[in-house]
Amino acid sequence: MLSLFMVMLGGRHARANTEVHDVVFAIGNQFEDCYPQLREAWFGEQKGLHIDAWMKVSGVMSEGIPYQLQLTNAAPHATSLKLWLINLGGYDAAEFGELHRYVLVPAITETEAKQQGKQYFAAHWQKQHTDRVLEVDDCIKVDCIHGRYIELMKADFAPQEWENCYIQLN
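Residue numbers (UniProt numbering): 1 to 170.
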């Protein structure tokens, strides 16, 4: 059965002094099936490309309500609940650099998604901000991944499977 995977890719870019990262989405029966899609999604150099974390997304919670994620052939309606990736950023007074947290939320509009996402800021972060809000459907190349769309339905879902890891892709 096809599943949605959220993946943190890491690697090099010709104009970067340090390793860079990006969060991308892929669809596969199992995680390893996604590797070609991940290589294609990477914007930097293929040499050294690796996975730093991955999650099989089975659903999301919002205000205590579970929403099960399903992949369908039908495009969602404009008024349908959508899955959004929120990239939160902030600073810790004891650490150099910006810290990030990535959260998936269900919402109809970007404004609603941002409001929900802000609930996930770490309490000790300073200068908290929302770096980027992406509608997950717009992140996935739907036309080249089995033509599948994301649908959220009120229902219980299996616990998320995820791992922080280091898996080389080349």
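One should not assume that every hint holds.
As the list claims (entries may be wrong) - Just the calculated beta-carbon pair ranges, DEER-fashion:
| hint | residue 1 | residue 2 | range |
| --- | --- | --- | --- |
| 1 | A74 | E161 | 25 to 31 Å |
| 2 | G64 | N17 | 32 to 38 Å |
| 3 | L2 | M61 | 33 to 39 Å |
| 4 | A78 | A16 | 26 to 32 Å |
To be verified - In the DSS-like style, the derived pairs of lysine-lysine whose C-alpha atoms are separated by at most 30 Å in a straight line are:
| hint | residue 1 | residue 2 |
| --- | --- | --- |
| 5 | K118 | K47 |
| 6 | K114 | K127 |
| 7 | K127 | K47 |
| 8 | K127 | K154 |
| 9 | K154 | K114 |
| 10 | K47 | K114 |
None of these hints come from the bench; they were simulated from the model. Just so you know, even glycine gets a beta-carbon here, dropped at the ideal spot from N, CA and C.
- Task: Could you see if the CB distance from L2 to M61 stays within 33 to 39 Å?
- Result: violated (22 Å)
- Message: For the hint 32 to 38 Å, verify it against the beta carbon of G64 and that of N17.
- Response: violated (44 Å)
- Task: Verify the proposed pairing of K127 with K154, using a straight-line Cα cut of 30 Å.
- Result: Given that 30 Å is the threshold and the Cα spacing comes to 35 Å, the pair is violated.
- Is the distance from the Cβ of A78 to the Cβ of A16 consistent with 26 to 32 Å? violated (38 Å)
- Is it true that the CA of K118 sits at most 30 Å from the CA of K47? Roughly 36 Å separates the two Cα atoms, so the pair is violated.
- Query: Are the Cα positions of K114 and K127 separated by 30 Å at most?
  - Reply: Holds. K114 to K127 sits at ~16 Å (cutoff 30 Å).
- Take a look at whether the Cβ-Cβ distance between A74 and E161 falls inside 25 to 31 Å. Given a distance of about 26 Å, which is inside 25 to 31 Å, the answer is holds.
- Query: Taking only the CA atoms, is the gap from K127 to K47 under or equal to 30 Å?
  - Reply: This hinted pair is violated, its Cα atoms lying about 35 Å apart.
- When you check the alpha-carbon spacing of K47 and K114, does it fall within 30 Å? Not satisfied, since the Cα-Cα distance of roughly 35 Å exceeds 30 Å.
- Task: For the pair supplied as a hint, K154 and K114, confirm whether the alpha-carbon distance does not exceed 30 Å.
- Result: holds (21 Å)
Consistency with the previously given hints fails for numbers 2, 3, 4, 5, 7, 8, 10, ordered from lowest to highest.
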